[in-house]
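Protein chains: 2
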Amino acid sequence: MAKEVTNRAENYSQWYNDLVVKADLAEQSAVRGCMVIKPYGYAIWEKMQSVLDGMFKKTGVQNAYFPLFIPKSFFSREAEHVAGFAKECAVVTHHRLMNDPDGKGVVVDPAAKLEEELIVRPTSETIIWSTYKNWITSWRDLPILCNQWCNVVRWEMRTRLFLRTAEFLWQEGHTAHATSDEAQAKAEEMVQVYADFARNTMALPVIVGHKSPNERFAGALDTLTIEAMMQDGKALQAGTSHFLGQNFAKSFDVTYQNKEGKQEYVWATSWGVSTRLMGALIMAHGDDNGLVLPPALAPIQVVMVPIFKTEEGHQAILDKMYEIKKALEAQGHSVKVDDRDTLRPGFKFAEWELKGVPVRLAMGERDLANGTVEVARRDTLTKETVAAEGVDQHIHELLDAIQQNIYTKALNFRDANIRKCDSWEEFKVEIQKGGFLLCHWDGTPETEQAIKDETKATIRCIPVDSCVCEEEGTCIYTGKPSHRRVVFAISY
Amino acid sequence: MAKEVTNRAENYSQWYNDLVVKADLAEQSAVRGCMVIKPYGYAIWEKMQSVLDGMFKKTGVQNAYFPLFIPKSFFSREAEHVAGFAKECAVVTHHRLMNDPDGKGVVVDPAAKLEEELIVRPTSETIIWSTYKNWITSWRDLPILCNQWCNVVRWEMRTRLFLRTAEFLWQEGHTAHATSDEAQAKAEEMVQVYADFARNTMALPVIVGHKSPNERFAGALDTLTIEAMMQDGKALQAGTSHFLGQNFAKSFDVTYQNKEGKQEYVWATSWGVSTRLMGALIMAHGDDNGLVLPPALAPIQVVMVPIFKTEEGHQAILDKMYEIKKALEAQGHSVKVDDRDTLRPGFKFAEWELKGVPVRLAMGERDLANGTVEVARRDTLTKETVAAEGVDQHIHELLDAIQQNIYTKALNFRDANIRKCDSWEEFKVEIQKGGFLLCHWDGTPETEQAIKDETKATIRCIPVDSCVCEEEGTCIYTGKPSHRRVVFAISY
Numbered sequence: 000m001a002k003e004v005t006n007r008a009e010n011y012s013q014w015y016n017d018l019v020v021k022a023d024l025a026e027q028s029a030v031r032g033c034m035v036i037k038p039y040g041y042a043i044w045e046k047m048q049s050v051l052d053g054m055f056k057k058t059g060v061q062n063a064y065f066p067l068f069i070p071k072s073f074f075s076r077e078a079e080h081v082a083g084f085a086k087e088c089a090v091v092t093h094h095r096l097m098n099d100p101d102g103k104g105v106v107v108d109p110a111a112k113l114e115e116e117l118i119v120r121p122t123s124e125t126i127i128w129s130t131y132k133n134w135i136t137s138w139r140d141l142p143i144l145c146n147q148w149c150n151v152v153r154w155e156m157r158t159r160l161f162l163r164t165a166e167f168l169w170q171e172g173h174t175a176h177a178t179s180d181e182a183q184a185k186a187e188e189m190v191q192v193y194a195d196f197a198r199n200t201m202a203l204p205v206i207v208g209h210k211s212p213n214e215r216f217a218g219a220l221d222t223l224t225i226e227a228m229m230q231d232g233k234a235l236q237a238g239t240s241h242f243l244g245q246n247f248a249k250s251f252d253v254t255y256q257n258k259e260g261k262q263e264y265v266w267a268t269s270w271g272v273s274t275r276l277m278g279a280l281i282m283a284h285g286d287d288n289g290l291v292l293p294p295a296l297a298p299i300q301v302v303m304v305p306i307f308k309t310e311e312g313h314q315a316i317l318d319k320m321y322e323i324k325k326a327l328e329a330q331g332h333s334v335k336v337d338d339r340d341t342l343r344p345g346f347k348f349a350e351w352e353l354k355g356v357p358v359r360l361a362m363g364e365r366d367l368a369n370g371t372v373e374v375a376r377r378d379t380l381t382k383e384t385v386a387a388e389g390v391d392q393h394i395h396e397l398l399d400a401i402q403q404n405i406y407t408k409a410l411n412f413r414d415a416n417i418r419k420c421d422s423w424e425e426f427k428v429e430i431q432k433g434g435f436l437l438c439h440w441d442g443t444p445e446t447e448q449a450i451k452d453e454t455k456a457t458i459r460c461i462p463v464d465s466c467v468c469e470e471e472g473t474c475i476y477t478g479k480p481s482h483r484r485v486v487f488a489i490s491y
Numbered sequence: 000m001a002k003e004v005t006n007r008a009e010n011y012s013q014w015y016n017d018l019v020v021k022a023d024l025a026e027q028s029a030v031r032g033c034m035v036i037k038p039y040g041y042a043i044w045e046k047m048q049s050v051l052d053g054m055f056k057k058t059g060v061q062n063a064y065f066p067l068f069i070p071k072s073f074f075s076r077e078a079e080h081v082a083g084f085a086k087e088c089a090v091v092t093h094h095r096l097m098n099d100p101d102g103k104g105v106v107v108d109p110a111a112k113l114e115e116e117l118i119v120r121p122t123s124e125t126i127i128w129s130t131y132k133n134w135i136t137s138w139r140d141l142p143i144l145c146n147q148w149c150n151v152v153r154w155e156m157r158t159r160l161f162l163r164t165a166e167f168l169w170q171e172g173h174t175a176h177a178t179s180d181e182a183q184a185k186a187e188e189m190v191q192v193y194a195d196f197a198r199n200t201m202a203l204p205v206i207v208g209h210k211s212p213n214e215r216f217a218g219a220l221d222t223l224t225i226e227a228m229m230q231d232g233k234a235l236q237a238g239t240s241h242f243l244g245q246n247f248a249k250s251f252d253v254t255y256q257n258k259e260g261k262q263e264y265v266w267a268t269s270w271g272v273s274t275r276l277m278g279a280l281i282m283a284h285g286d287d288n289g290l291v292l293p294p295a296l297a298p299i300q301v302v303m304v305p306i307f308k309t310e311e312g313h314q315a316i317l318d319k320m321y322e323i324k325k326a327l328e329a330q331g332h333s334v335k336v337d338d339r340d341t342l343r344p345g346f347k348f349a350e351w352e353l354k355g356v357p358v359r360l361a362m363g364e365r366d367l368a369n370g371t372v373e374v375a376r377r378d379t380l381t382k383e384t385v386a387a388e389g390v391d392q393h394i395h396e397l398l399d400a401i402q403q404n405i406y407t408k409a410l411n412f413r414d415a416n417i418r419k420c421d422s423w424e425e426f427k428v429e430i431q432k433g434g435f436l437l438c439h440w441d442g443t444p445e446t447e448q449a450i451k452d453e454t455k456a457t458i459r460c461i462p463v464d465s466c467v468c469e470e471e472g473t474c475i476y477t478g479k480p481s482h483r484r485v486v487f488a489i490s491y
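Sequence lines, in order, name chains C and G. Numbering that gives the first Met the number 0 applies: residue 0 is where the first sequence begins, and numbers increase by one. Numbering that gives the first Met the number 0 applies: residue 0 is where the second sequence begins, and numbers increase by one.
Looking at chain C on its own, in the form it has when it is part of the complex:
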């Protein structure tokens, strides 16, 4: 095998990094904390974008584009916003380079200092709400349902490819509504879109819930989240949807005249997912041989490797393969015939396994004579020999089965690692084993903070869709009464 991947059991973190780099998904760039997304990785991200974009549009959302830069003064307007997270960011102070007077290279031209510094957007609420102010006069102008696909920058100190990078790609939806109810309903609708996408496209089971106040987006009245479990038992927040109340409308003075002729502040939501989803995809499904991609997101769904002894046999096998390829493509599948003549089949097998291609089809000269072909599944690593006749229909169905199986496997893993926990002593031990702990909590930020300080665990969410959590009990930390369990975990 060409590229060795670290075993998960040996070093999970190194395993993750190996997969990202060796499967050609992404790499560190020359710029601290910024990644290069390589073609194979970007092709997966494009598939994610395409599916999500279609789902957004079905809900009436339209795409738009707002500036990369935000005037520094905008950050002062939304005080909570600033306190929350906007401090570590890239600040543009000058607008020109000049040749170094000493004759070597270029330097910043001190004469080209900006009057007001510009911040590279870490998120766009402020610039968007300053724009919405001009778009909204009357109730007739509402709702506004905009999304943008773009890059954002947060100057993270410790970065990991896809999971936490200084620059990342994402979508951010920003909606404006006449009423609180309508805005809350939109925030809920969008978190359900994310959950649907995670489950059905990424094959990723997620729990939908509310964030506790400690974990809310700065400036939000409510943050909804989808939380997934990785194979090391840690939680990964995969997408969030915020009900922002009238905070941004008040900061940027955005009002509308209602049907009764009265001026009212506008209600807001925002919601986003990012290239972090790539990290979730890798960590949820990968194994010690490499990536395991759900067919719905695999850039190559079927790879074919010819195995031959004679040049004549080679050509005959290729002819057959291109015939099967054509039939599969007619059904909408993406297929690659790996006809590189400098590499041996075993090397190719390992490479496509590393890259997570869901189905591998191999054919030798004896297969050709027998009218058979070998079909290997990436998810189970099993092989079977089937008739070449009708193999396209077989694979068409197999891809569905693989998509389903990957989801089921991840779901079983997650459910096996969710457990109830009712005492603080038990909690301290259990939380270190990984997984989600369903616990009673007294509802106070102080208790959550104390638990975090002692164990690094946080409340991942207060589930909305698992009624199993609604029951009476007492807080694991304070013993005070509680009406429902919440999900505790150590997270990425």
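To be clear, the hints were calculated from the coordinates, so they are not data collected in a lab. Check before you lean on any hint, since a few could be wrong.
Chain copies aren't distinguished; within one or between two, either way the pair holds.
Listed below are the simulated BS3-like cross-link pairs for lysine-lysine, each with C-alpha atoms no more than 30 Å apart in a straight line [what the hints assert, rightly or not]: (1) Lys112 to Lys86; (2) Lys46 to Lys57; (3) Lys258 to Lys427; (4) Lys335 to Lys46; (5) Lys261 to Lys132; (6) Lys325 to Lys46; (7) Lys335 to Lys132; (8) Lys21 to Lys2; (9) Lys46 to Lys132; (10) Lys335 to Lys2; (11) Lys46 to Lys56; (12) Lys319 to Lys335.
As the structure is a prediction and not an experimental result, all values here were calculated from the model.
Starting from the known structure of chain C, arrange chain G on it as the hints suggest.
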């Protein structure tokens, strides 16, 4: 009519701005020189992206993503590059904001100064070739055919929506090849992709040619361009494709081992089109009533406006309209029924005309009784009454005819404004009238510069596909011998 548009004849520049703003394509943002692309404008850009992206992929190009930031030192490496244009750019010097010690708002944290300044990419050759260095070892690694869709920033002093903005969206392709011939062929292939897209999707006639050395991209050995004529007779450079030789490979030390085992520098191309195409689209086809969109790029291809007196009639007309809509959508067309009940039909007609929707369909109660519908074409502003039965097929064909007609109209306009010019006295007069002048030129940068200094006209291109230009003659400025005419014009 709700929104007045300035006449072209009165003030062409104001007309352009009116169209952009009043048709809801884009607007100035709170950040100097940066625009907001509004949903209707962005929907057109998305269509452009989708068509171009498919064309790129057919040539074997894959998408990837490279960092927004470029270390300042990279600009020093490619000396010609810096001399050319990279000086007006956004410079990031700090990575943190802090609360103002005086208690009001936020300030830049002086302790968070970067060791090396980062430049927001004005184009990505340097960061990409520093990355390619790690991707290329042997001839087996070539070619590399990457493209990225992204934002770039050039600190322009005078900006105009879409045509020249500090931040704009574009795609930039960057390819790496083993031989000069292969790289040159790729640069030519891509400029032809652009020409094909301009002609067949944008309905925009373009001349394909080489840039003169004065107008070449800094660092390129050859720049190919597509040049279009706007309705004021000015030229607009709509896309460029560069053969970069080994310049970037040498700056970033990118070599490969060839089949004979020898180290060689890699050959490069880059090519791009931007949101400037939006400006070309507007200016090439718009009229005094607003935008005229070619059906291939129209977010809404058919709009339907009901005209009714009774609520009963209203509902019956709507039922019929949704039936036609369904039939049109089944043929892949995008259709909107404008059912807003607070606006009169005349207002709606004017609005959809302003927004350039190719076909408008109106139906009144008498139409319904007669089984007819009124079909209006945006390109010719003509109307006809046709049978409602089979109108979907009629419109399906009409959309093709409109696409073709918009192209033909633009082509006729352009061809009527291309003329030969053989004397310097004549040139000075004619160039002020607008249009393209086909002239002999002695081939020297000095002559081109002198002509530009006296008239503002530049050589837009040395055409590759119009053999009409190949003939003997003498330079209009110096009288020296010349073997072919070139295209002179005043440009955007």
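Here is what the structure says about each hint:
no. : hint             : in the structure
1   : Lys112 to Lys86  : both (21 Å within a copy, 14 Å between copies)
2   : Lys46 to Lys57   : both (17 Å within a copy, 17 Å between copies)
3   : Lys258 to Lys427 : neither (56 Å within a copy, 62 Å between copies)
4   : Lys335 to Lys46  : both (17 Å within a copy, 28 Å between copies)
5   : Lys261 to Lys132 : within (17 Å within a copy, 63 Å between copies)
6   : Lys325 to Lys46  : both (21 Å within a copy, 28 Å between copies)
7   : Lys335 to Lys132 : between (50 Å within a copy, 27 Å between copies)
8   : Lys21 to Lys2    : within (7 Å within a copy, 57 Å between copies)
9   : Lys46 to Lys132  : between (34 Å within a copy, 28 Å between copies)
10  : Lys335 to Lys2   : within (21 Å within a copy, 54 Å between copies)
11  : Lys46 to Lys56   : both (16 Å within a copy, 14 Å between copies)
12  : Lys319 to Lys335 : within (13 Å within a copy, 47 Å between copies)
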